[in-house]
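Listed here are the chains, written in short residue letters.
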Amino acid sequence: MEVSWALLANAIIAGLLLGGFYAAMSVGISISFGMLDVVNIAHPAFIILGSYIAYIVNDQFGFDPIVVSVVVSPLFFLLGMVLYRIYYLCFERRGQESLRGLAFFFGILFITEVALVLIFGVDYRMVSSRYGDVTWRLGEVGFPMRLVVPFLVSMVMVIGVQLFLTHTFFGRAVLAVAQDQLALRLMGVNPVRVKELAFAISIATAGVAGAFLIVIQPVQPAIGREFIGLVFAVCVLGGMGSILGTLLGAFVLGLAESFTSTFFGPSWAPAVSFGLLLATLAFRPSGLLGR
Amino acid sequence: MSNRVFAVVALAVALALAAVTQLIPNEYFFSAAYTVLLFVILATAWNILGGYTGYVNFGSAAFFAIGAYTTVFFYNAFKAPLPVGIVAGTLVAGLAGLGLGYLTLRLRGVFFAIASLALAVVLYIFIVNWDYVGGARGAYVLQPREIPFGLPRYIHLIYAVQLMMAAFALVVSRVIEKSTLGRGLAAIRDDELAAECSGVPTLKLKIFSTMMSCALMGMAGTTFPYYLSYIEPSSAFSLSYAVNSIAMPLIGGMMSWMGPLIGAVLLGTVQQLVQVTISSAWNLLIVGVLLVLFVTLAPNGIMGWVDAWRRRKGR
Amino acid sequence: MTGTRFSMLGRAVCVLGLALGLAGAALAQQPLKIGFGMSLTGPLAGNGKAALIAMEIWRDDVNAKGGILGRKVEFVYYDDQTSPATVPGIYTKLLDVDKVDLVVSGYGTNVIAPAMPIMMQRNLTFMTLFGLNVNSKFNYDRYFQIMPAGPNPAVGWSQGFFDAAMGMNPKPKTVALVGADAEYPAMALEGAREHAKKTGLKIVYDKTYPPNTVDYSPIVRAIQATNPEVVFVASYPPDSAGMVRAANEVGLKTRMFGGGLVGPQFAALKTQLGPLLNGVVNYEFYAPDLGGKFPFLEKFLSKYQARAVVEKVDPLGFYLPPYAYAMMQVLDQAITATKGLDQAKIADYIHKSEFDTFVGKVRFAKNGEWAVSRVMMTQYNGISGNDVEQFKKPGRLTVLSPREYKTGELKAPYHDNKK
Numbered sequence: 001m002e003v004s005w006a007l008l009a010n011a012i013i014a015g016l017l018l019g020g021f022y023a024a025m026s027v028g029i030s031i032s033f034g035m036l037d038v039v040n041i042a043h044p045a046f047i048i049l050g051s052y053i054a055y056i057v058n059d060q061f062g063f064d065p066i067v068v069s070v071v072v073s074p075l076f077f078l079l080g081m082v083l084y085r086i087y088y089l090c091f092e093r094r095g096q097e098s099l100r101g102l103a104f105f106f107g108i109l110f111i112t113e114v115a116l117v118l119i120f121g122v123d124y125r126m127v128s129s130r131y132g133d134v135t136w137r138l139g140e141v142g143f144p145m146r147l148v149v150p151f152l153v154s155m156v157m158v159i160g161v162q163l164f165l166t167h168t169f170f171g172r173a174v175l176a177v178a179q180d181q182l183a184l185r186l187m188g189v190n191p192v193r194v195k196e197l198a199f200a201i202s203i204a205t206a207g208v209a210g211a212f213l214i215v216i217q218p219v220q221p222a223i224g225r226e227f228i229g230l231v232f233a234v235c236v237l238g239g240m241g242s243i244l245g246t247l248l249g250a251f252v253l254g255l256a257e258s259f260t261s262t263f264f265g266p267s268w269a270p271a272v273s274f275g276l277l278l279a280t281l282a283f284r285p286s287g288l289l290g291r
Numbered sequence: 001m002s003n004r005v006f007a008v009v010a011l012a013v014a015l016a017l018a019a020v021t022q023l024i025p026n027e028y029f030f031s032a033a034y035t036v037l038l039f040v041i042l043a044t045a046w047n048i049l050g051g052y053t054g055y056v057n058f059g060s061a062a063f064f065a066i067g068a069y070t071t072v073f074f075y076n077a078f079k080a081p082l083p084v085g086i087v088a089g090t091l092v093a094g095l096a097g098l099g100l101g102y103l104t105l106r107l108r109g110v111f112f113a114i115a116s117l118a119l120a121v122v123l124y125i126f127i128v129n130w131d132y133v134g135g136a137r138g139a140y141v142l143q144p145r146e147i148p149f150g151l152p153r154y155i156h157l158i159y160a161v162q163l164m165m166a167a168f169a170l171v172v173s174r175v176i177e178k179s180t181l182g183r184g185l186a187a188i189r190d191d192e193l194a195a196e197c198s199g200v201p202t203l204k205l206k207i208f209s210t211m212m213s214c215a216l217m218g219m220a221g222t223t224f225p226y227y228l229s230y231i232e233p234s235s236a237f238s239l240s241y242a243v244n245s246i247a248m249p250l251i252g253g254m255m256s257w258m259g260p261l262i263g264a265v266l267l268g269t270v271q272q273l274v275q276v277t278i279s280s281a282w283n284l285l286i287v288g289v290l291l292v293l294f295v296t297l298a299p300n301g302i303m304g305w306v307d308a309w310r311r312r313k314g315r
Numbered sequence: 001m002t003g004t005r006f007s008m009l010g011r012a013v014c015v016l017g018l019a020l021g022l023a024g025a026a027l028a029q030q031p032l033k034i035g036f037g038m039s040l041t042g043p044l045a046g047n048g049k050a051a052l053i054a055m056e057i058w059r060d061d062v063n064a065k066g067g068i069l070g071r072k073v074e075f076v077y078y079d080d081q082t083s084p085a086t087v088p089g090i091y092t093k094l095l096d097v098d099k100v101d102l103v104v105s106g107y108g109t110n111v112i113a114p115a116m117p118i119m120m121q122r123n124l125t126f127m128t129l130f131g132l133n134v135n136s137k138f139n140y141d142r143y144f145q146i147m148p149a150g151p152n153p154a155v156g157w158s159q160g161f162f163d164a165a166m167g168m169n170p171k172p173k174t175v176a177l178v179g180a181d182a183e184y185p186a187m188a189l190e191g192a193r194e195h196a197k198k199t200g201l202k203i204v205y206d207k208t209y210p211p212n213t214v215d216y217s218p219i220v221r222a223i224q225a226t227n228p229e230v231v232f233v234a235s236y237p238p239d240s241a242g243m244v245r246a247a248n249e250v251g252l253k254t255r256m257f258g259g260g261l262v263g264p265q266f267a268a269l270k271t272q273l274g275p276l277l278n279g280v281v282n283y284e285f286y287a288p289d290l291g292g293k294f295p296f297l298e299k300f301l302s303k304y305q306a307r308a309v310v311e312k313v314d315p316l317g318f319y320l321p322p323y324a325y326a327m328m329q330v331l332d333q334a335i336t337a338t339k340g341l342d343q344a345k346i347a348d349y350i351h352k353s354e355f356d357t358f359v360g361k362v363r364f365a366k367n368g369e370w371a372v373s374r375v376m377m378t379q380y381n382g383i384s385g386n387d388v389e390q391f392k393k394p395g396r397l398t399v400l401s402p403r404e405y406k407t408g409e410l411k412a413p414y415h416d417n418k419k
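Chains as they are written, first to last, in my numbering: chain A, 1 to 291; chain B, 1 to 315; chain C, 1 to 419.
No wet-lab data here; the hints were simulated from the structure. Backbone N, C-alpha and C fix where the C-beta goes; we use that ideal spot for every residue, glycine too. There are no misleading hints in this set.
Reference listing, derived: stretches of chain A covered by chain C, where coverage requires no fewer than 3 residues with Cβ under 8 Å from a Cβ of chain C: (1) 126-138; (2) 210-220.
Okay, derived cross-link-like pairs now, SDA-like style, lysine to any residue, Cα gap no bigger than 20 Å in a straight line: (3) B:Lys204 with B:Leu95; (4) C:Lys253 with A:Gly139; (5) C:Lys352 with C:Asn123; (6) C:Lys406 with C:Gly292; (7) C:Lys312 with A:Phe120; (8) C:Lys137 with B:Arg145; (9) C:Lys137 with B:Phe78.
All chains, please: the whole structure from these sequences, using the hints.
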């Protein structure tokens with residue numbers, strides 16, 4: 001196979017688009033796991049929940065799935081608050097968050113999955129959108145709208161989260177909570193309240209990412225498990241607790257996947273991604289942009 | 001009870017159980033018991049690292065699959081009999097555990113958890129692309145026609161083998177728990193920094209227990225290809241092994257060797273029963289709900305209740 | 001005294017006789033229990049449920065006719081969760097605890113293979129549903145399989161595809177093979193490689209991808225870069241959708257595309273992809289255009305389609321359900337003909353006879369597969385919009401092969417069908 005410029009350019013574009021989508025899925029983990037130290041392994045389950053909500057509204061009323069997901073994101077925000085409350089009361093307050101908290105989220109993952117199976121059945125579901133089958137072309141390079149629209153919305157969301165964290169009092173409190181809870185208390189901020197809201201934001205991003213997912217590919221309830229490794233990989237690769245790091249990690253994984261697929265063999269793409277992660281953990285555990 | 005006595009008793013009990021149950025005419029018992037025993041080994045193995053040391057291994061399925069695929073490899077290469085597969089599978093899984101531990105145990109526990117998850121993915125892709133052991137198509141491992149010890153069917157044999165291996169895993173687990181090693185591990189679990197400062201060789205201990213834990217998980221997988229006759233990557237790497245090997249010790253109790261045993265027998269049996277009674281998505285739901293209930297309401301598992309009850313009685 | 005004793009003995013004999021008679025009568029009326037595991041949860045549950053519905057329709061039909069050998073048919077089934085690990089437990093439970101009279105398989109290679117040792121130890125006749133060449137390793141003479149892939153499934157599967165390819169003018173010289181990392185695609189690709197060798201096609205691309213890939217366009221671009229004249233794809237539903245979409249997005253230029261996509265046989269993918277399917281060549285097991293050739297199938301499908309809507313499974317039912325029904329018909333006819341449940345006689349009868357089923361006449365080869373392959377190679381065209389009703393009517397699916405079902409000619413090249 002000849003390596004042409006068109007192929008190379010397409011591989012880069014495909015990798016970036018994919019990375020943008022990965023960033024949307026992982027930004028929530030970057031908040032909950034990277035900043036709050038809550039190992040929310042059920043994050044992908046909430047993504048799937050988001051997919052199904054987008055699906056059902058799209059199916060019944062024909063609204064655009066991504067618009068729907070943004071509209072219902074306050075619901076996910078509330079869900080996140082409730083979930084964090086339970087988590088705090090049962091685990092964090094008792095100082096047993098690490099292992100049992102993990103198991104708790106594992107359980108939540110399964111309960112969500114089964115609930116979706118019982119309501120929607122096990123078939124793959126998909127949505128119809130106006131841009132789903134449209135592709136823009138710029139010379140030899142293709143821009144499938146199915147990936148471009150989620151990419152753009154994702155960028156807005158991720159950068160929005162980053163600006164929020166760095167430019168608002170509350171956002172800085174979230175960043176501070178990861179470092180020094182006592183100092184925060186002394187400043188008159190309740191760290192639990194801060195963590196609750198931050199966790200709620202992370203779940204809200206999962207809901208929106210769910211709509212992206214179902215725009216990009218068909219979804220069934222158990223598919224969330226496939227993404228557990230991915231979202232944590234993105235978060236750790238980029239650097240714990242850094243939104244920009246997550247963005248970078250997502251692009252690296254997206255590009256790694258698209259380059260392996262194009263030039264080497266698609267079968268090895270996940271091995272390359274996760275091999276990268278293992279190497280990062282072994283040699284630079286703070287991640288690419290870690291503190 | 002000293003370790004030596006315990007080992008003798010455990011093996012004797014296993015032998016006696018294996019012998020007595022051979023009288024059961026119903027083959028279903030053996031398939032069901034095989035599966036429960038498989039989970040006993042997995043849960044016990046996971047607990048050596050996860051329970052004693054506090055490091056969560058998400059990659060149980062990967063080590064289980066290493067055991068299974070080592071058997072497949074030796075079967076394909078040399079038509080090697082089962083014992084070769086068992087020994088080799090245990091060793092290879094132990095080595096993989098050693099490697100993983102060496103690379104990542106210097107880090108915080110949660111990084112180890114993620115590394116184990118990543119390792120599972122990498123290994124999965126590797127197996128899928130390795131045609132010699134069947135690749136994505138899967139491999140057939142035919143049960144031998146000649147069955148030793150005059151047993152009626154092959155399932156009787158692998159059930160007995162599984163029983164022995166479960167006893168062995170429990171002995172290993174108990175020896176580690178009761179030794180100075182076990183106390184070192186507990187110190188790591190409670191406060192790693194303090195343990196390090198008071199002279200506990202934390203890294204060495206962690207690596208050792210990872211290796212033991214992973215080796216036993218591999219051992220659990222070695223009989224699996226014979227049990228199914230057919231094995232393919234997605235079932236060997238099934239998430240259910242990772243989930244159950246975490247859920248069972250949590251439900252049983254993670255502080256001692258008995259917790260995973262109780263958890264595995266309980267949850268394993270419930271799953272077997274649910275499968276042939278309600279038979280639907282409820283199976284997964286039960287694991288999920290039990291997991292959430294136990295970690296929120298009974299954080300020390302069933303053994304936690306037992307201990308509390310004993311203490312009250314002692315007073 | 002003697003009289004009393006005699007009468008007691010006589011009474012005892014009488015009672016015994018009566019009891020035996022009653023038992024005999026009860027036996028005749030005892031239901032005929034058929035056991036199986038079926039995927040009702042897990043990745044293949046959609047198909048498993050559809051198959052179950054078809055089998056239940058068969059059961060109700062048979063019972064309405066008075067059962068088999070005068071016995072009502074009853075099912076005992078468990079959810080195998082699409083996991084092979086559950087299978088040995090399920091079948092030993094069925095045979096030893098539930099004491100079923102017969103067993104059939106669940107859906108797919110994954111859950112058929114682990115049941116084989118149990119069947120072989122007990123010398124049971126085993127009718128199976130859509131396993132891929134399982135018997136090649138076991139060589140069990142009481143194994144039968146209802147998917148019409150023919151005696152050499154790997155090759156039979158893509159025969160029609162390569163026949164159509166070589167029928168193009170001028171003959172193609174290059175082929176690209178691509179498929180998912182899973183058991184079915186691996187087998188289909190193996191067969192395709194054999195065809196390539198036989199027909200002298202040069203393989204310019206031969207790679208697999210992980211089934212949970214998100215974006216397939218890099219793969220399609222890599223294929224396009226090798227400029228193959230024919231592209232053979234072997235995939236499962238989610239990646240079938242991904243590949244077809246990517247082929248459209250990239251604007252793949254090739255003369256023939258498709259072959260072994262699992263998924264477009266079902267309503268879900270047909271409606272989702274809609275016009276994107278136009279031009280794709282793919283296997284199917286039934287086409288509405290052939291209605292006249294399968295006279296009873298229409299009746300079955302209307303029953304099935306009514307139930308499928310309620311149970312939220314594939315509302316068309318062209319793929320698996322008729323064959324699940326046919327599998328039970330074969331068993332039914334074999335039991336009725338041999339007048340009993342003697343497993344040897346049943347197996348023998350199935351080997352020797354031709355069966356008249358809803359999916360046509362079926363004969364089995366020595367290895368238990370269909371004696372002749374009847375994988376239909378078809379081409380989608382004229383699909384507009386995403387409405388499901390259009391697929392129930394003739395005209396969206398041209399059957400290219402086998403010859404006796406042919407309804408039209410291949411329209412090549414693939415990308416011209418998009419205009």
